[in-house]
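Participant: Modelling step: build the complete structure from the supplied sequences, incorporating the hints.
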Amino acid sequence: MRCFLKNKVQCNFLEKVLIERASDKVRIKIYTLKPGVIIGRGGKELEFIRSGLRKIISSGDIIIDIQEVKNFRCNAQLIASSVAVQLEKKISFRKVMKQIVQSSSTVKNVNGVKIQVSGRLGGAEIARRE
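Sequential numbering of the sequence shown, starting at 1, is according to our numbering.
Calculated directly from the structure, the hints in this document are not laboratory data.
Because the structure is a prediction, the values reported are computed rather than measured.
For each residue, glycine too, the CB sits at the ideal point set by N, CA and C.
Some hints could be false.
Simulated restraints on C-beta separations [what the hints assert, rightly or not]:
1. R41 to K98: 35 to 43 Å
2. S105 to S58: 33 to 41 Å
3. S58 to G119: 39 to 47 Å
Facilitator: This is the structure in structure tokens:
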């Protein structure tokens, strides 16, 4: 179920998925940055997800709760997906790293940030890690 949700929902907005099973009910809590993207216009995307989950789970009710993540700069998963999206858009990795560190340091609950990117950074022939 978790793999199905990560494939159907845009992963760069998805923080975590909690699945609770009772005797005949399945409650799925989706924590996301943008709940409107998952719900869709008029709830169409949510119904599409629910129908896909019904194929996996043959019996019982499926209850889907969508929770919004308020502070996205405190969440490592959302920061990592944000970095990945920006790197895919060909933005300089040093600029992205500085931007994330500066924006995360302004949040009260964050004591420190460590960001590490690796691979062929900047299109270099030799892969490295910074």
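Participant: Indicate, hint by hint, whether the structure satisfies it.
Facilitator: Against the structure, the hints come out as follows:
| no. | hint | in the structure |
| --- | --- | --- |
| 1 | R41 to K98: 35 to 43 Å | holds, 37 Å |
| 2 | S105 to S58: 33 to 41 Å | violated, 49 Å |
| 3 | S58 to G119: 39 to 47 Å | holds, 42 Å |
The structure is inconsistent with hint 2 alone, although it conforms to all the rest.
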